[in-house]
Structures are given as C-alpha cells and as structure tokens.
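Each chain, written out:
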Amino acid sequence: MPVKKLPVRAVLCKELSLQMSPSHRSLIGDQGPELVPFCWPFRTCSKSSFVLRPILEMQEFSKVYLDFNATTPLSTEVQKKIVDAMSVWGNPSSIHWAGRLIKTELREARRSLAMGLGVGPLELIFTSGASEASNTVIQGLWNLILQKELPEPWAGRREFITSTVEHPSVMKAMAAIEKRGAIVHRIPVARDGAFDLAALQQCLNDKTLLVSVMLANNETGHVMPIERIVELAHSCGALVHTDATQALGKLPLNLGQLKVDYASLSAHKFYAPKGTGVLFTKKGSPHQNLIFGGAQERSRRGGTENTLGQIALGEAMKKISEVSFQFERLAGLRDHLESRILQEIPEVTLTGSGVPRLPNTSSLVIRGVDGETMLMSLDLKGFAVSTGAACSSGSPEPSPVLLAMGLTREEAQNSLRVSLGWTTTAAEVDAFVETLKGVVHHLREIAKAETGTTGKAAKG
Amino acid sequence: MMMSDSKLNSIPSAGQKTQGKGRVLVAMSGGVDSSVAASLLVDQGYEVIGATMQVWDYSICNIEEGNGSCCSSLDVDDARSVADHIGIPFYVLNCEHQFKEAVIDPFIADYLQGNTPLPCVNCNTFLKFDHLVRKMKELECDFLATGHYAQISQTTTGRYELTTSEDTWKDQTYFLFTMNPELLPKLLFPVGGMNKADVRQYAEERGLVVARKKDSTGICFVGKSGYDNFIESQVPASVLSELKGELRRFPTGEVMGRHEGIHHYTIGQSKGLGLDHHEKMFVIKIDAKSKVVWIGEEKYLFKPSVKVERPHFLQPFENGEVLNVKIRYQHRGSAARVFQEGAELRVEFLEPQRAITPGQAAVFYRDRALVGGGWIHL
Numbered sequence: 001m002p003v004k005k006l007p008v009r010a011v012l013c014k015e016l017s018l019q020m021s022p023s024h025r026s027l028i029g030d031q032g033p034e035l036v037p038f039c040w041p042f043r044t045c046s047k048s049s050f051v052l053r054p055i056l057e058m059q060e061f062s063k064v065y066l067d068f069n070a071t072t073p074l075s076t077e078v079q080k081k082i083v084d085a086m087s088v089w090g091n092p093s094s095i096h097w098a099g100r101l102i103k104t105e106l107r108e109a110r111r112s113l114a115m116g117l118g119v120g121p122l123e124l125i126f127t128s129g130a131s132e133a134s135n136t137v138i139q140g141l142w143n144l145i146l147q148k149e150l151p152e153p154w155a156g157r158r159e160f161i162t163s164t165v166e167h168p169s170v171m172k173a174m175a176a177i178e179k180r181g182a183i184v185h186r187i188p189v190a191r192d193g194a195f196d197l198a199a200l201q202q203c204l205n206d207k208t209l210l211v212s213v214m215l216a217n218n219e220t221g222h223v224m225p226i227e228r229i230v231e232l233a234h235s236c237g238a239l240v241h242t243d244a245t246q247a248l249g250k251l252p253l254n255l256g257q258l259k260v261d262y263a264s265l266s267a268h269k270f271y272a273p274k275g276t277g278v279l280f281t282k283k284g285s286p287h288q289n290l291i292f293g294g295a296q297e298r299s300r301r302g303g304t305e306n307t308l309g310q311i312a313l314g315e316a317m318k319k320i321s322e323v324s325f326q327f328e329r330l331a332g333l334r335d336h337l338e339s340r341i342l343q344e345i346p347e348v349t350l351t352g353s354g355v356p357r358l359p360n361t362s363s364l365v366i367r368g369v370d371g372e373t374m375l376m377s378l379d380l381k382g383f384a385v386s387t388g389a390a391c392s393s394g395s396p397e398p399s400p401v402l403l404a405m406g407l408t409r410e411e412a413q414n415s416l417r418v419s420l421g422w423t424t425t426a427a428e429v430d431a432f433v434e435t436l437k438g439v440v441h442h443l444r445e446i447a448k449a450e451t452g453t454t455g456k457a458a459k460g
Numbered sequence: 001m002m003m004s005d006s007k008l009n010s011i012p013s014a015g016q017k018t019q020g021k022g023r024v025l026v027a028m029s030g031g032v033d034s035s036v037a038a039s040l041l042v043d044q045g046y047e048v049i050g051a052t053m054q055v056w057d058y059s060i061c062n063i064e065e066g067n068g069s070c071c072s073s074l075d076v077d078d079a080r081s082v083a084d085h086i087g088i089p090f091y092v093l094n095c096e097h098q099f100k101e102a103v104i105d106p107f108i109a110d111y112l113q114g115n116t117p118l119p120c121v122n123c124n125t126f127l128k129f130d131h132l133v134r135k136m137k138e139l140e141c142d143f144l145a146t147g148h149y150a151q152i153s154q155t156t157t158g159r160y161e162l163t164t165s166e167d168t169w170k171d172q173t174y175f176l177f178t179m180n181p182e183l184l185p186k187l188l189f190p191v192g193g194m195n196k197a198d199v200r201q202y203a204e205e206r207g208l209v210v211a212r213k214k215d216s217t218g219i220c221f222v223g224k225s226g227y228d229n230f231i232e233s234q235v236p237a238s239v240l241s242e243l244k245g246e247l248r249r250f251p252t253g254e255v256m257g258r259h260e261g262i263h264h265y266t267i268g269q270s271k272g273l274g275l276d277h278h279e280k281m282f283v284i285k286i287d288a289k290s291k292v293v294w295i296g297e298e299k300y301l302f303k304p305s306v307k308v309e310r311p312h313f314l315q316p317f318e319n320g321e322v323l324n325v326k327i328r329y330q331h332r333g334s335a336a337r338v339f340q341e342g343a344e345l346r347v348e349f350l351e352p353q354r355a356i357t358p359g360q361a362a363v364f365y366r367d368r369a370l371v372g373g374g375w376i377h378l
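Those protein sequence lines, which keep their order, are chains A and B. My numbering numbers the first residue of the first sequence as 1 and each following residue consecutively. My numbering numbers the first residue of the second sequence as 1 and each following residue consecutively.
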C-alpha cells in the first residue's frame, strides 16, 4: 500500500520506525485510508528497533488527548458497530422475532467478552459500569451477612479487607458497610506503589469474607500483586474481588487464570461507551443483587439491557489480542516520555514507579507547580491530561490516593497524571513534553516573582 | 490521539495566541453582568477564557441556590452554559481555602467585634484582584476582566484612573478602593460603560440564559437566612453566649433590658430591638468590650466626623482636601475634608452624617474618580 495515501499520522509513525500491524493493514485494505481517522494499531518490529528519533520539525497538534485513564475514545470499529446495532432495537426478554434478533447480538457480545477474559459467559453480569459492579459485590456480601444467608463455607465470616488506594466506588462502599457494622481493614500502599503483603497476612483470619484490592491503580498505574493476594486470601478461605477497570486494554488480562472470585470492569476505559460495565462472578461465589428487577442477567441484575453498550463492548473485546503488543509499544512511549521529562525539567519525581505498573501511566510530582493551573494551561494549548482521577476533580482536597501513598498535601497538589492510549504517537508525546517544559518554566517564574509579595494589603 | 474530527476541533481552546487584541481571563459568577462582560469581550475580538471561583461549600449551609447569590453550584452551571454559548473555554477555580481565610473568617471576627463588615471588599482585594491576577499571568493572559460596574479611563497625562460607572445606581467602585493602581492598565470592566437595562437587553439579544436572572443582593455566602443565623451556624455556642449583654439608653445609661448577642445589631437599626417603648429607638453604638448595645433617639445617630483606619489610595490627595465621601454602598456621598492623622485619616463632613457604621468603608471621590478609602472605626 502506498504510504502517500495514509493519513499524516501514519507517515509520522512510519518515520519513527514503526510498522503497521496486520490487523490495521487489513482494515485499510477493506475501507481505504480516508475512513481511518487516526492510525489504529501500529506494531513495533521489536522493542529494540523501536527507535525514537527526535522530531526535527515539531508537528502542530490542535488537540492531543493524554488522559486515557479517565476515558478512551470509541474505536472506529466500535463506532461502526454501534451504528449497525441501532437498527436492532427489540427487547431481549421478548419471545418474538424482535426480541430474538437482539438476544442473538447480546449473546455474541457476551461470548466475545467471556473468551477475551478467559471465563465462562454465565460468569459475567452486565452492569452500568465498574462502580455498580464493585458495589454489587461489597454491598451484596454485607447484605448476605446481615440476612445470615451466606452459604457454606463462608457462613459466619464478616470481615472485609481492602487497600488505602482504591477507587471511590470501593472505598466508599466499604465505608458505607462499615457504618452499618462491618469490620473493614485497610492495607497501606507505599509511595513507590508497594502493597503491604505482610499487613494483609496479619489481617487475614478465619473471619475474613472478602479481600477487595484493585488490579492497577488509576492515578499512578502501579499494579497490585493480585496473584499473591489471591493465594493468601484463598489459603484463609476468603473471597477476592479486584477492580480491574484500569487493567483492561493495558495488561494482558485473564480473569480465569487470575483465580479471583469477582472482578469489575468498565467499557469506557477500553474504547467502548460509558454506561456499560461488567461484574465477573466466579461460578459458585455468593451473590446478591444490588438491583432487583426482571430476569435479566439470570436474575442477578434487573433492568432492561443496555444493548448498544453491551454490543459495543463485545466488539471492542475483539481487539483484546493486541494488548500484548500495545503493552510493549506504550511502555516504550511512556519510558521515552518519562526520561525526557526527568532529564529536561528539573525537580520532577515519579510516584508509584517502584513496582510493576501499567505501561501507559505516569504520575509526576512537579515541584512548586499547582496541578490545577498546570492542567488549565496545558488544556489551553490543546493537551488533555489530569491531576488525578477525573471523578475527584473539582474537589478542593488533593487526591486521597496520593495522600494515602505518603505524599504531602503540597506534593499531591503538584501532581500531574499523563496516561497514554492505543492511538498515542511518539510525535504527540514529544509535542507534549515540549509544551510541558514551557508551561512549567512559566509557572515557576511566576511563583518565584510572587514569593514574598503576599499579604501586602490589610484585611478589613 | 490527534483529533481530526470536526466536532473536536470546534471545542473552544485557546490554541495559539491570536494576534488580535490579546487574551483575557474573565471572572464569571454566573450572573448577568459578568456573562455580558465575557460576551462583549468576544464581540470586541479578544481571545476570552472564562473562570468561576468556587468560594464556598454550599452543601454546608442552608442557602437557597441560584437566586443571584454568586458562585453557588447552580450559578457555576449558568456561567458554564454562557461560556459554551459564546464559545470560550471555561474553568472552575477552587478558591474555598483562600475565601475562608480572606473573607469569611474576617467577616465573622468583625461581627464578634460589634462591627458591620463589608466582605465584598476583601473578596475583591484578595481573590478577584490578587488570586485571579496571578491566574491571569499563569494562563498567559494580557488582561483580567470582571462584571463590575466601574470604568477605567486615562487622564490627559496618561495616568490610569478608576472612575464611577455610567449607571450611577449600580456603580461598584465603592468595593474597589483597595485596588492596586498599577493593575489598572491590565483590567477591563466591559459593562462599566453601560446601564443595567442595556446589559439585560444585550443579554436577551445575545440569547444568554442568565438574561432574566435576578440581581444579586446582599452577601453571596450568607443567603436568605440572614447574617445572625449565618454567624450562629459558624461560631461555637460558648463564644455566642459571651456576646449577650445589656441594652442601655444613650446617653443616660439607663438599663432598658437584655439582648441575645451583639451580632444581632447594627448601627441605625430600629426594628427587632425587642422593646415595648412608646418612642422609636435606634441602635446608636455597640460596645464590643462590655457587650452593651446603646439605643436612643434618632438625633444621636448623626456625627460630624469619623476616623478611618488602614487607608489605601489610588491617587494622591491634598491634606484637608474636600472630597466626596461614601460611607456605605447605597450612600450617595457627602462632601468632607479628609485629613491624614498618622497612619489613620480623619474625615470631617460638611454636614453631619446619619448612622456611620464601624466595619463599613469610607470611600473618597474627586468628581467621578476613585481617590481611595479606608475602614470606618469609632
């Protein structure tokens, strides 16, 4: 295929010694380059040949998105699938032809998802998102305790264990059941991202019902030692839930092999739409509904299905096999990003980088620079990044996750999160670093000039 | 990801700085004045960035939102929708900490001292024209704009002056006397040259959702429940109980009864004194030390002079110069001689003034130009 027919970005990537993946080649062959808004997956020849040459002429970008941990854009395939699926509008619970048509689509979506995650189709419960999935597990188990309906061998257990760096949907669900009488232990996570396994071991006992620890942290990207956590928990007879939201699409993820009992996932972190999530409940694990209603999801979650969302997620899952090469590619881009920032901007530190982590996330503390202002400045220049979790922005308090990891309030307020995605290019990363350099320099100059001039006027 | 989508490219973003009139940060409260200010700047060819300062956690008080009290969360929504409508980027700046320290705490302290505070001045001094000035620089803006009714003009010698607005009823220069004069070349008050009716008409014509929104009245964070209820919600009961004391007749000293706390009273007040008395009585004086609230006949409210502390000047004045002096926002101003007395000022009115209230500002004008001001104390 002639290079000149490719969109500009493809040419750029080509220059950066990247080759197209076979799937992309077939996609271009089918639809022609004009239907590809951005170059979808490019494959590196190998990690060693992934050479990042400095860009001689800086590409002018109007908008660059580097906040993939907040959400992801819909992939071209997913967009197309949704448009197609819009003409299939029946109620999946109906017996007639209209119901059957859509039921088939949903079954296919579920199968695609189950295959991609290495679990059985009936072990998946579609929800409105990962928050609902996590709440279902935590509140459901607590309600079973209260109703004395926990089956053997879990009957009589009533303690919960979680970490100090969970997503609010886990953190606050735990706080809510704690208020109603549950015993909740919280395992600390160090500044470098290390989960305190010894503390977990101390907390685990024959009363522990559930250990809920996220697979990867949304703010710093550090990956938790879930396999070890599962081993320890299971050896005590406890159940394990993991919020795997940030892992989907970033780490090879096989829930079956992971041996967790429950997992929460969200479609919009994986190039599919918002409002759809999945709760994995291993066969035989206790379950109680959060939402009671019709017989949908085998009566485990009431409410007529979000058909478009489920179909879209099923479509997105077809790309799950590309995760391993994206892992390599993103890790290369991230390393490039971090090494440039650390070399070219003084007084920057990384958070959560002492343990294995997601290939796409950098959590930076840029000393003396207010994260909120930095974010606005970068936004005005077209770069979308974040200071922490999108869910907590607008709150005056610095990120509770970073504080829990031992950062000072000031450090947490000077934090910046950059999260790359499947469509991120080296040129975008370089353009971002150049812009960040300018913004940080500018903001530090102002801070320097302002020091000592505060408190000038009298208060009345 | 490079967004090639046309919808994405229509998202307002400053991008490269335009070569036009420069970039402006406009403080948008969600009210009609600042909304029109932002829209006018867009019309005039500036590159405009909107920002709302979130100053108070409204979830902790029983304020009724959206009725023109500035910066409540419904007002933030209004500001955001105006920004969308006129196509400018918009941000919410969290200023709760600064606001509490610079505005709320001094407000409460003032009330406990028996004064009647004027928090809007501190908000201007420490938030709008300090914190936002810094944001202006940080966001590489050339100007800062607000919806104040005030004007900036240049004298024949090229000096910048702050002058009263076209709409003399709405003029807000009273709240701006602490302004650093060096800032004036950086400030824009787009509605200062308009009448309120024209501002509303413009908002209607431009289709701004806030066109018919009620004007803000009173103090944004106090709400409908009143000052005393606000103070009581913020101050521990032990402190409140110490504010109780005697009601005495001025000047005889006769004890007329007891009161429930000096924070319920302001100079000149005649309602709510809890007295069954045949003549109309007024609060003449509040003694924060002894907690005595002095009440008496109206004639005792008139005073020929007042002391002013912590003065601030935007332009020089001659000692003893006759200036027009406003002693409260809705005061029309009275001629007075202003004398420097050490670090303070003495203001001698040509005619005695009624109910000069400690905690309020005395603000001086030469014709339409704001000369300076200070805080009234007795």
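Among the hints, erroneous ones may be present.
As the list claims (entries may be wrong) - Chain B regions said to be covered by chain A (calculated; three or more residues, Cβ under 8 Å):
1) 136 to 143
2) 334 to 345
Claimed, not checked - With a Cα cut of at most 30 Å, we get these calculated DSSO-like pairs of lysine-lysine:
3) A:Lys-103 x A:Lys-148
4) B:Lys-196 x A:Lys-63
5) B:Lys-100 x B:Lys-21
6) A:Lys-437 x B:Lys-214
7) B:Lys-214 x B:Lys-100
8) B:Lys-307 x A:Lys-437
9) A:Lys-448 x B:Lys-186
10) B:Lys-100 x A:Lys-448
11) B:Lys-280 x A:Lys-448
12) A:Lys-437 x B:Lys-21
13) A:Lys-283 x A:Lys-63
14) B:Lys-289 x B:Lys-299
15) B:Lys-224 x B:Lys-280
16) A:Lys-283 x A:Lys-259
17) A:Lys-172 x A:Lys-274
18) B:Lys-285 x B:Lys-244
19) B:Lys-186 x B:Lys-196
20) A:Lys-80 x A:Lys-63
21) A:Lys-448 x B:Lys-244
22) B:Lys-285 x B:Lys-299
23) B:Lys-303 x B:Lys-289
24) A:Lys-63 x B:Lys-21
25) B:Lys-285 x B:Lys-271
26) B:Lys-291 x B:Lys-170
27) A:Lys-274 x A:Lys-207
28) A:Lys-148 x A:Lys-207
29) B:Lys-170 x B:Lys-196
30) A:Lys-172 x B:Lys-100
Hints in this document: simulated from the structure, not taken from any laboratory. Given the structure is predicted, the values throughout are model-derived calculations rather than measurements. From the three backbone atoms N, C-alpha and C, an ideal C-beta is built for every residue, glycine too.
Each hint, compared with the structure:
Remark: the segment 136 to 143 of chain B is confirmed as covered by chain A, as 4 of its residues place a Cβ nearer than 8 Å to a Cβ of that chain, reaching the required three. Here the segment 334 to 345 of chain B counts 0 residues with a CB under 8 Å from a CB of chain A, which misses the bar of 3, and the coverage is violated. Among the hinted pairs, Lys-103 of chain A with Lys-148 of chain A is inconsistent with the structure: their alpha-carbon atoms are about 36 Å apart, more than 30 Å. With a CA separation close to 39 Å, the supplied pair Lys-196 of chain B and Lys-63 of chain A exceeds the 30 Å bound.
A threshold of 30 Å between alpha carbons decides the hint, and for Lys-100 of chain B with Lys-21 of chain B the separation of about 35 Å lies outside it, so the pair is violated. For the suggested pair Lys-437 of chain A and Lys-214 of chain B, the alpha carbons sit about 45 Å apart, so the restraint of at most 30 Å is broken. This hinted pair checks out: Lys-214 of chain B and Lys-100 of chain B have alpha carbons roughly 26 Å apart, not beyond 30 Å. Restraint check: the Cα-Cα separation between Lys-307 of chain B and Lys-437 of chain A comes to about 52 Å, which exceeds 30 Å; the hinted pair is violated.
For the hint linking Lys-448 of chain A to Lys-186 of chain B, the alpha-carbon distance of about 21 Å falls within 30 Å, and the restraint holds. Restraint check for Lys-100 of chain B and Lys-448 of chain A: satisfied, since their Cα atoms lie roughly 25 Å apart, inside the 30 Å limit. Between Lys-280 of chain B and Lys-448 of chain A the CA atoms are separated by roughly 59 Å; this puts the pair beyond 30 Å, and the hint is violated. Simply put, Lys-437 of chain A and Lys-21 of chain B have alpha-carbon atoms about 27 Å apart, close enough for the 30 Å limit, and the pair holds.
Between Lys-283 of chain A and Lys-63 of chain A the CA atoms are separated by roughly 45 Å; this puts the pair beyond 30 Å, and the hint is violated. Proposed proximity of Lys-289 of chain B and Lys-299 of chain B is supported: the alpha carbons are some 25 Å apart, at most 30 Å. For the hint pairing Lys-224 of chain B with Lys-280 of chain B, the CA-to-CA distance comes to about 27 Å; that is within 30 Å, so the pair holds. For the hint linking Lys-283 of chain A to Lys-259 of chain A, the alpha-carbon distance of about 11 Å falls within 30 Å, and the restraint holds.
At most 30 Å may separate the alpha-carbon atoms for a hinted pair to count; Lys-172 of chain A and Lys-274 of chain A meet this at roughly 21 Å. Distance check on the hinted pair: Lys-285 of chain B and Lys-244 of chain B sit about 15 Å apart at the alpha-carbon level, within 30 Å; holds. Restraint check for Lys-186 of chain B and Lys-196 of chain B: the C-alpha separation of about 24 Å stays at or below 30 Å, so the hint holds. Taking the CA atoms of Lys-80 of chain A and Lys-63 of chain A, the gap is near 23 Å; set against the 30 Å cutoff, the hint holds.
Among the hinted pairs, Lys-448 of chain A with Lys-244 of chain B is inconsistent with the structure: their alpha-carbon atoms are about 48 Å apart, more than 30 Å. The suggested pairing of Lys-285 of chain B with Lys-299 of chain B holds, with an alpha-carbon distance near 13 Å, which does not exceed 30 Å. For the hint linking Lys-303 of chain B to Lys-289 of chain B, the alpha-carbon distance of about 22 Å falls within 30 Å, and the restraint holds. Among the hinted pairs, Lys-63 of chain A with Lys-21 of chain B is consistent with the structure: their alpha-carbon atoms are about 24 Å apart, no more than 30 Å.
A hinted pair counts as satisfied when its Cα atoms are at most 30 Å apart, and Lys-285 of chain B with Lys-271 of chain B qualifies at roughly 15 Å. For a cut-off of 30 Å, the pair hint linking Lys-291 of chain B to Lys-170 of chain B is broken: about 36 Å separates their Cα positions. Proposed proximity of Lys-274 of chain A and Lys-207 of chain A is contradicted: the alpha carbons are some 37 Å apart, above 30 Å. In summary, the hint linking Lys-148 of chain A to Lys-207 of chain A is supported, as the alpha carbons are separated by about 14 Å, within the 30 Å threshold.
A distance of roughly 7 Å separates the Cα atoms of Lys-170 of chain B and Lys-196 of chain B; the hinted pair therefore holds under the 30 Å criterion. This hinted pair checks out: Lys-172 of chain A and Lys-100 of chain B have alpha carbons roughly 28 Å apart, not beyond 30 Å.
In summary, the structure is inconsistent with hints 2, 3, 4, 5, 6, 8, 11, 13, 21, 26, 27 from the numbered list given earlier, while agreeing with the others.
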